[in-house]
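Chemist: Here is how the chains run, residue by residue.
There are 2 protein chains.
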Amino acid sequence: MIKEEEEINRICKEVIVSIRPDDKEREEVKTVTTLIIANLNNKASEMGINARAISVGSTARNTWVSGDADIDIFIMFPADMSEEDLKEKGLVLAKSVSERYEERYASHPYIHAYFYVAETEYEADLVPCFEVKNASMLKSAVDRTPFHNEYVVTRLSGLEDEVILLKQFMKCLGIYGSEQRRKGFSGYLCELLILEYASFVKLLINASRWQYGERIDLEGHGNYKGEDPLIVIDPVDPKRNVAASVSLYSFCKLIDAARDFLAKPDQKFFMPRAAESMIHAEILKLVKERGTEFVMVTFEAPDVVEDILFPQLRKAETSVRNLIERNDFRVYRSDVTSEGGKAILVFELLVWQLPKIKKHMGPPVTSEVHSEAFKNKHSQPFRIEDGRYVVEVQRKHTDVVSLLKHELKSCSLGKDVSESVEKGYEVLKTEEILVGLGYFFSGYFGG
Amino acid sequence: MIKEEEEINRICKEVIVSIRPDDKEREEVKTVTTLIIANLNNKASEMGINARAISVGSTARNTWVSGDADIDIFIMFPADMSEEDLKEKGLVLAKSVSERYEERYASHPYIHAYFYVAETEYEADLVPCFEVKNASMLKSAVDRTPFHNEYVVTRLSGLEDEVILLKQFMKCLGIYGSEQRRKGFSGYLCELLILEYASFVKLLINASRWQYGERIDLEGHGNYKGEDPLIVIDPVDPKRNVAASVSLYSFCKLIDAARDFLAKPDQKFFMPRAAESMIHAEILKLVKERGTEFVMVTFEAPDVVEDILFPQLRKAETSVRNLIERNDFRVYRSDVTSEGGKAILVFELLVWQLPKIKKHMGPPVTSEVHSEAFKNKHSQPFRIEDGRYVVEVQRKHTDVVSLLKHELKSCSLGKDVSESVEKGYEVLKTEEILVGLGYFFSGYFGG
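Chains as they are written, first to last, in my numbering: chain E, 896 to 1342; chain H, 896 to 1342.
With the rest of the complex left out, here is chain E (with noise of 0.2 Å):
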């Protein structure tokens, strides 16, 4: 156990010094948000604009990955500012000191801008948000983070790279990052969980003995009342779990790989595998040798950003699939993606076609009044089978293509993939596999 101790340990040590941001990056970034704060104050100035810019975010903790810095630059408004005056003149503020940029909507709009230091290209998003008094005076949700940047800064000095050690752990795991499409673990949830277990290694231990509603709370404060996988009680609003988007699956991958680094600890846990493609042909053959079939819906992806697409193409997948199994056929697995403007939901069937007779049970024999009933409405010859009245029926779809090609629009799809649904869709078999899904089937396939 000494020696598996002093294994990780040396490790840890080799691999924070090739991930950690070295002192030129370190400059470079400090050298950028420094700029572009003065620039914003400056501007704000001039425009006669009551505003402050703040450094947040993993630049302003140094807790960045190297080679992953993502200037967050918080522009801070009057709490009694109306809504309509902030995204103006946040946005106007913003763009005035942004060479390159682009307008971007989380729940409120702001500008992703590019800016160089010594040819080095350097990404910042430019953020406005109200200063509230506390965390429970929100006028909108990225009011919260200036609470989060002061929390975390006055308690992480010295665990930096514990974070970064975690938090490139997590991404070789394709679990960080709490965007829909991943639903993993946020920086902000990385950096809470160090502050808990006080080191990357500590944090293993604890993870692999992890049970599901797991409850973190730092100031021991919460009244977090959902049910999650992982419950982290957000030390800045007792109502928040920092860890609602952590799906199922990110909270057992961890449990998992924590579990395997500490019985075999290894550098390549800290290594990003290349992502891989399969070409077309490989697909079809390994779709062979499974016996499946594979179905697809696929649709013109609306025009919404990922967070709002992916929880929507998973309600879809889900709707999709109990139609499915509704109708007798058996799904073994099923996922979606959206590629090149497409959104597919993919399904993979043990049984896709079915016999056309079909079993449709009546009521108890013994019941008198449904029983007249049902024999009233069905004129062909019926059985009694385990006492029930039992007529044979015609299928009426009898493989999953014909079933989804008539009923899709029967399923609750979300707003905007069923208003994309309704202008129209393809149902694709195996042979139909759209080319350019290499990556989605390498991962589909890979685990």
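Careful: at least some of the hints might be erroneous.
Identical copies go unnamed one by one, so any copy, or any two together, can satisfy a pair.
[Claimed, not checked] Calculated lysine-lysine pairs in the PhoX-like style (CA-CA distance at most 25 Å, straight line): (1) Lys1254 with Lys1183; (2) Lys1324 with Lys1210; (3) Lys919 with Lys908; (4) Lys1078 with Lys1310; (5) Lys1251 with Lys1324; (6) Lys1324 with Lys1254; (7) Lys1134 with Lys1120; (8) Lys1210 with Lys1300; (9) Lys1270 with Lys1163; (10) Lys1254 with Lys1272.
Keep in mind that the hints were calculated from the coordinates and are not lab data.
Given the coordinates of chain E, assemble chain H onto it according to the supplied hints.
Modeler: Using the frame of chain E, we list chain H on its own:
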């Protein structure tokens, strides 16, 4: 309603004339019965055997349907005689009065003999039994019969026609007879039902409202604890359900037909349908239209009476059906039969082939001990689904025929069936359906 009652009475009156034995038939049956009894008693005297013969059953009670006279003669021996003595002397005595006979076996051996009056053949069962003091002191199951006879004879006078109507009604429904192949209503049960409800029509009115577990207790002394669709306490044995052999199917069939007859009274309810046979090509054509697949297990019928064979075949049916469904295939309907020395289990399938791959669910990822064991056991790559480890394994049998060819013997089949299967069996598919099952399939598809 009055009009319908009149119509029912008119039909019953017309029907009873055609199905009630005429004077000639009654006279002949009485002559044969008297003769056999006299011969038995004389022979007993001659042989120095302490025994006396009595007439029991429907011919003793004038409740047989014309043409169906089964003469039952019980030869009563003293209760203190040994079973071996009874068996030996009883059979010797019975054989001594019979010109042509077969030795048969129920719970006791007995003689089935043929007698002739005016060129008409009559069949009679000559059954040795013990003359016990009361029905609670039975030495064998047949000892109860004389008590049944006594109970009914003294009460049924004047209601014979009602019993005859009921028996004919049930015969036409295919639910008359308590043998295990049919699991319908025995003659004695029919008589008790008429004693309870006083007439055929009143029985139907009541039966149309029967509920599962319906309880009839003429003597109000029952302490039968079992759960059966219909419970009719034996007036001579409070622990016994006379209707124990009535299947849920027969119970429901009577209820359904009672409602139909009362709603639309018709002579056709008393007219036996000629048994139809389907020709082989018809069967195959119909199966093709249904789109299902038949898989049949056939083996030599073990050399036991049907009352022993059929419960075992039904047990085998259930056990094999479970095997099939446990392996992810889907059974639509199943049945058993025995024809021409072969016993046959019939399965009609909705899903009879499956892909090679199979999902093997492992433990929840959070269960540390089980997870370690699972990962040590399975070398193939795993993935995480719904919080559990999952590996893909190869399905051992991708079709039902292969499954049954290899794993039938693992099923719980019943002693005699199991022994026969051990000697060899065949698994046939639709295109190999045996000829000679025309009557079976006519019943199967006809409802």
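Chemist: Of the hints stated earlier, which fail here?
Modeler: The structure breaks none of the hints.
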